[in-house]
Amino acid sequence: MIAYIIRRLLYAVPILLGVNVITFALFFLVNTPDDMARMQLGVKRVTPEAIASWKQERGYDQPLLYNSAAAGAGKLTHTIFYEKSLRMFVFDFGRADDGRDIAREIRLRMGPSLAVAIPAFFVGLLVYITFALGFAFFRATYIDFWGVVICVAAMSISSMFYIIGGQYLIGKLWHLVPISGFSGGVDALRFILLPAAVGVIGGFGASTRLYRTFFLEEIGKDYVRTARAKGLSEVTVLFRHVLKNALIPILTGVVVAIPFLFIGGLITESFFGIPGLGSYTVDAINSQDFAIVRSMVFIGSLLYIAGLLLTDISYTLVDPRVRLA
Amino acid sequence: MRGIRYTVTPMNANIRRSWSTLLLLVLAGCGGSPWNNPYPAADSGKNILYSSFAERPKHLDPVQSYSSNEITFTAQIYEPPLQYHYLKRPYELIPCVAEQVPQPRYYDVRGRQLPATAAAKDIAYAVYEIKIKRGVKYQPHPAFARNAGGELIYQDLSERELADKNVLADFREQGTRELKARDFVYQIKRLAHPRLHSPILGLMEGYIVGLREYADKLRRVNDELAKKGTGDAWIDLDKYPLAGAEVVDDYTYRIRLNGQYPQFLYWLAMPFFAPVPVEADRFFGQPAMAKKNLTLDWYPVGTGPYMLTENNPNRVMVLERNPNFHGETYPGEGEPGDAAAGLLADAGKPLPFIDKVVFSLEKEGIPSWNKFLQGYYDASGIMSDTFDQAVRFSAGGEAAVTESMQKRGIRLSTTVAVSTYYMGFNMLDSVVGGTSERARKLRQAISIAVDYEEYISIFQNGRGIPAQSPIPPGIFGFRDGRDGINPVVYTWNGREPKRKPIEAAKKLLAEAGYPNGIDAKTGAPLVLYFDVTARGAEVKSTLDWYQNQFAKINVQLQVRPTDYNRFQDKMRKGNAQIYEWGWHADYPDPENFLFLLHSAQSKVKTQGENASNYANPEYDRLFEKMKNMPNSAERQAIIDRMLDILRQDAPWLWGFHPKDYALYHSWYGNLKPNKIAYNTVKYQRIDAALREKKRREWNQPVWWPLVLGALVLAVFAVPAVIAWRRRERGTAQP
Numbered sequence: 001m002i003a004y005i006i007r008r009l010l011y012a013v014p015i016l017l018g019v020n021v022i023t024f025a026l027f028f029l030v031n032t033p034d035d036m037a038r039m040q041l042g043v044k045r046v047t048p049e050a051i052a053s054w055k056q057e058r059g060y061d062q063p064l065l066y067n068s069a070a071a072g073a074g075k076l077t078h079t080i081f082y083e084k085s086l087r088m089f090v091f092d093f094g095r096a097d098d099g100r101d102i103a104r105e106i107r108l109r110m111g112p113s114l115a116v117a118i119p120a121f122f123v124g125l126l127v128y129i130t131f132a133l134g135f136a137f138f139r140a141t142y143i144d145f146w147g148v149v150i151c152v153a154a155m156s157i158s159s160m161f162y163i164i165g166g167q168y169l170i171g172k173l174w175h176l177v178p179i180s181g182f183s184g185g186v187d188a189l190r191f192i193l194l195p196a197a198v199g200v201i202g203g204f205g206a207s208t209r210l211y212r213t214f215f216l217e218e219i220g221k222d223y224v225r226t227a228r229a230k231g232l233s234e235v236t237v238l239f240r241h242v243l244k245n246a247l248i249p250i251l252t253g254v255v256v257a258i259p260f261l262f263i264g265g266l267i268t269e270s271f272f273g274i275p276g277l278g279s280y281t282v283d284a285i286n287s288q289d290f291a292i293v294r295s296m297v298f299i300g301s302l303l304y305i306a307g308l309l310l311t312d313i314s315y316t317l318v319d320p321r322v323r324l325a
Numbered sequence: 001m002r003g004i005r006y007t008v009t010p011m012n013a014n015i016r017r018s019w020s021t022l023l024l025l026v027l028a029g030c031g032g033s034p035w036n037n038p039y040p041a042a043d044s045g046k047n048i049l050y051s052s053f054a055e056r057p058k059h060l061d062p063v064q065s066y067s068s069n070e071i072t073f074t075a076q077i078y079e080p081p082l083q084y085h086y087l088k089r090p091y092e093l094i095p096c097v098a099e100q101v102p103q104p105r106y107y108d109v110r111g112r113q114l115p116a117t118a119a120a121k122d123i124a125y126a127v128y129e130i131k132i133k134r135g136v137k138y139q140p141h142p143a144f145a146r147n148a149g150g151e152l153i154y155q156d157l158s159e160r161e162l163a164d165k166n167v168l169a170d171f172r173e174q175g176t177r178e179l180k181a182r183d184f185v186y187q188i189k190r191l192a193h194p195r196l197h198s199p200i201l202g203l204m205e206g207y208i209v210g211l212r213e214y215a216d217k218l219r220r221v222n223d224e225l226a227k228k229g230t231g232d233a234w235i236d237l238d239k240y241p242l243a244g245a246e247v248v249d250d251y252t253y254r255i256r257l258n259g260q261y262p263q264f265l266y267w268l269a270m271p272f273f274a275p276v277p278v279e280a281d282r283f284f285g286q287p288a289m290a291k292k293n294l295t296l297d298w299y300p301v302g303t304g305p306y307m308l309t310e311n312n313p314n315r316v317m318v319l320e321r322n323p324n325f326h327g328e329t330y331p332g333e334g335e336p337g338d339a340a341a342g343l344l345a346d347a348g349k350p351l352p353f354i355d356k357v358v359f360s361l362e363k364e365g366i367p368s369w370n371k372f373l374q375g376y377y378d379a380s381g382i383m384s385d386t387f388d389q390a391v392r393f394s395a396g397g398e399a400a401v402t403e404s405m406q407k408r409g410i411r412l413s414t415t416v417a418v419s420t421y422y423m424g425f426n427m428l429d430s431v432v433g434g435t436s437e438r439a440r441k442l443r444q445a446i447s448i449a450v451d452y453e454e455y456i457s458i459f460q461n462g463r464g465i466p467a468q469s470p471i472p473p474g475i476f477g478f479r480d481g482r483d484g485i486n487p488v489v490y491t492w493n494g495r496e497p498k499r500k501p502i503e504a505a506k507k508l509l510a511e512a513g514y515p516n517g518i519d520a521k522t523g524a525p526l527v528l529y530f531d532v533t534a535r536g537a538e539v540k541s542t543l544d545w546y547q548n549q550f551a552k553i554n555v556q557l558q559v560r561p562t563d564y565n566r567f568q569d570k571m572r573k574g575n576a577q578i579y580e581w582g583w584h585a586d587y588p589d590p591e592n593f594l595f596l597l598h599s600a601q602s603k604v605k606t607q608g609e610n611a612s613n614y615a616n617p618e619y620d621r622l623f624e625k626m627k628n629m630p631n632s633a634e635r636q637a638i639i640d641r642m643l644d645i646l647r648q649d650a651p652w653l654w655g656f657h658p659k660d661y662a663l664y665h666s667w668y669g670n671l672k673p674n675k676i677a678y679n680t681v682k683y684q685r686i687d688a689a690l691r692e693k694k695r696r697e698w699n700q701p702v703w704w705p706l707v708l709g710a711l712v713l714a715v716f717a718v719p720a721v722i723a724w725r726r727r728e729r730g731t732a733q734p
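Going down the list, the sequences are from chains Z and C.
Heads up, the first sequence is in our numbering, so the first residue is 1 and it goes up one at a time.
Heads up, the second sequence is in our numbering, so the first residue is 1 and it goes up one at a time.
Some clues are possibly wrong.
[Unchecked claim] Which residues of chain C face chain Z? A partial, calculated answer using Cβ under 7 Å:
{"hint": "1", "residue": "Ser33"}
{"hint": "2", "residue": "Trp35"}
{"hint": "3", "residue": "Tyr66"}
{"hint": "4", "residue": "His197"}
{"hint": "5", "residue": "Pro199"}
{"hint": "6", "residue": "Gly202"}
{"hint": "7", "residue": "Lys363"}
{"hint": "8", "residue": "Glu364"}
{"hint": "9", "residue": "Lys371"}
{"hint": "10", "residue": "Lys675"}
{"hint": "11", "residue": "Pro701"}
[Said to hold, decoys possible] Under the rule of at most 20 Å between Cα atoms (straight-line distance), these lysine-lysine pairs were calculated in the PhoX-like manner:
{"hint": "12", "chain 1": "C", "residue 1": "Lys672", "chain 2": "Z", "residue 2": "Lys172"}
{"hint": "13", "chain 1": "Z", "residue 1": "Lys55", "chain 2": "C", "residue 2": "Lys363"}
{"hint": "14", "chain 1": "C", "residue 1": "Lys498", "chain 2": "C", "residue 2": "Lys552"}
These are computed hints drawn from the structure, not numbers from a lab.
Positions of the beta carbon are idealized from the N, C-alpha and C atoms, including for glycine.
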């Protein structure tokens, strides 16, 4: 297992390098350093000298990928790509184009994202598995039929509807929780309830239906029939045998999603005023702040690689037949 | 039989405790702060103004800050020498921290003083001597903290000493000092700081004596530091004197300008010329401060009525009363209707009235609107989606709030903005540009065809007035009524301007050589190109509308959408043919609008603000004459002539001046819309008790849907449980 983990981590290096190159290329395909300078300096009375000075201060006056004017290794190192993108491999994210420290901002914003995402994730998992098991238990009955209909309907509705509907009903009409906002400490609970609930309801349709499929697949297997024949109750069969085996495909989707809890939901954070990493990323894209964009893409890639690795490791925990080599 | 003793088990105690807690919470919802209150319960009933911001401010350093979302904050914190009278119209400059509005002294090239009425061509220098008020103190700030020996505590801090400091509040000691004249001079020097990129440096370099050379010098100093590897080191501006800004004594300083520039007084009312203490600049200039986001751009330091105590642009920004505020009183005079509107009731009372201002980040319009209706924001703009919910028009066309708004005591305020939005022609273009009669008549024809009255009605919900020239109402030079109409596009019907009929446009088009939209020379249909930045479904209807307007005279308008950066690029290179743009006044002087069409401001030639690259020698000459004149009948006459030239040449379709609609709750008082000044929070009032009462009234929690939902779930669960129990007891299922 250790060798496998080390191998996977080493694979990550070229992957991250590739991600960096692609991000860099895509970003500068549509934005130039001049454009970025104008974004920061504003619209009124921006002179070419101010733009040149801004670029020089931040190192955007250098060539993008290859500096023919430099000597030796400088041809590659005195470039925007080397100075802006490769430093992230040592987790030096630098400063945003408005001068603020990116690492610090990420640390500050991670908390709010997690505060909403973690409850939504775990509560959602519990709800989806419970309902999916329930539908599997009542398979081929009207409960199962109407459950599937509700799931399909729920997954056909846009998440925006749940957000706006939730704010309208629970915040505006029923006055039960604040419509938007955030606070620290225990007071955060009031602000997290609604976005977390909306997150759970929004994912109900797709996840419950998927998990129901996994459970039904297991229920049809011989070992389940054997368990019933032994006289075990249906609840015991479902929870002790079916759930454990159905966890393998469930884990595929769940474990890989855990790292993305840190990134947060973009639309959710915007509508609920949650100062998380999702809105941080979108603000950076809108303001063409390459420093933040490349940092968030890098972190996202890293988290995705970590998530996949965790998924593989978790397989060995739930399925003794699986061994990593 | 033994007696049964009922023992309270830990489980029972826990259950009872939980129900008690729940009951207390419910009761709290009944009598305490509403459940959906987004603010801490401890703030209920307090003298706090609640507002919102949609975009985080990029800069709070007064040398860099130039956007309206930034000046909302900086204008409450920084105090420049002058300010605008809150109530008087037209806008009038009065002293802020200056003792009086300075009058310039003029000198010729030999240094001899000239009379105030000297001709502009004779004036080599204009000197403004500004005396500041005594006893004005800065807000409490760690930059001023001194030890018993009088030394500044927080200067020259090492990285280790800064390790545990992440926000300003982590610096325990605070101090203050009196405002001095040198602080104003220091700030003027900061305009030229190479790392600060002040947007007005280019403009001021042409006026403030020696500022250009000063900026060059500082750039060299900065380059030297960069070569030594200390590119972030603090530059002590006190070491480098600036010829055009000098300290006379502790309370007097002088600014010397090249030539005559009467509009300079308006700049003295902007935060660019507010004082900045060197101690604060040095405090924030220490190494490692920037890494922790401890900068002057993040934590402004001023003498104003408020100070920024919490800066979390991800969530909330808080202004609190500056305990060291020097005191100012509410004005005792205004316009004729102000007394009747209750705006003079607080005359002579000390400012500010409000203790705290809380700005919450609201990126989306819907939550912001709903929170306003619930009483959690004290004022709100009106989105297009909610316009009909909030505003109705009387038979006479007067705007008023709807009944549902009236029931809540919400008031509407409308005011014409000192802005203009226009469609422009690139005068360098071979088809629509130039000074030929053909091109002029083509532009005039299009000016008639594009019906801005209809545009305002459809796309602005009636919030605007069609523009007759670049100058909006409220600015000297604007003429109302018949005298102010654009005779090329309008006639006067006795009551109001009436747009000429489309036949007049077609006639002009034919005279231009495009009868019925066909080029008489080539026989090809006339196709024009409209470069826009807006894209997406929501603007499609607007762009379709423009195409229909041109189609009225059989001209094809091709829309070329692009992103903002490409658009800017096209404009700089002169590749756009027709475009759309706007301008908001920096100050209430016609020069600030008419300069947009001065040839020296050509966007292609000098990267200036004249996006049409319009050039007319007579217009330029009149502009040079007009710009330095005080408001007078003579100046008005020159402006009238300039507008005649513009209307005939038609480099712009004059577009419209937007009307701002704002809604205010009944507890929000002393409000008079001011489109030029932003330091108006100090005059405003909040009736916190009334607000609290209304909030409780409007936000009682509604429980029955949840109870009903639980009952419904229970009802559906019962048969499910029955079915489950039947299965468990039944025979095995396949």
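Okay, the hints, checked on the actual structure:
Given the 7 Å rule on beta carbons, the hint for Ser33(C) is violated: about 11 Å separates it from the nearest Cβ of chain Z. With 7 Å as the threshold, the beta carbon of Trp35(C) comes within range of chain Z, its nearest partner Cβ sitting at about 6 Å, so the hint holds. Hint on Tyr66(C) holds. Least Cβ distance to chain Z is approximately 5 Å, under the 7 Å limit. Because the closest C-beta pair between His197(C) and chain Z is about 5 Å apart, less than 7 Å, the hint holds.
Annotation: interface hint on Pro199(C) holds; nearest CB of chain Z at approximately 5 Å, less than 7 Å. Interface hint at Gly202(C): satisfied, since its Cβ lies 4 Å from the closest Cβ of chain Z, which is below the 7 Å cut-off. The closest approach between the C-beta of Lys363(C) and any C-beta of chain Z is roughly 5 Å, which is under the 7 Å cut-off, so the hint is satisfied. Taken as an interface hint, Glu364(C) checks out: its beta carbon lies about 5 Å from the nearest beta carbon of chain Z, inside 7 Å.
Because the closest C-beta pair between Lys371(C) and chain Z is about 5 Å apart, less than 7 Å, the hint holds. Interface restraint check: Lys675(C) against chain Z, minimum CB-CB distance 16 Å, threshold 7 Å, status violated. Because the beta carbon of Pro701(C) sits about 5 Å from the nearest beta carbon in chain Z, less than 7 Å, this interface hint is met. Proximity of Lys672(C) to Lys172(Z) is assessed by CA-CA distance (about 30 Å); at most 20 Å being required, the pair is judged violated.
A hinted pair counts as satisfied when its Cα atoms are at most 20 Å apart, and Lys55(Z) with Lys363(C) does not qualify at roughly 29 Å. With a C-alpha separation of about 18 Å, the suggested pair Lys498(C) and Lys552(C) falls inside the 20 Å cut-off, and the hint holds.
Hint check: violations occur at hints 1, 10, 12, 13; the rest are consistent with the structure.
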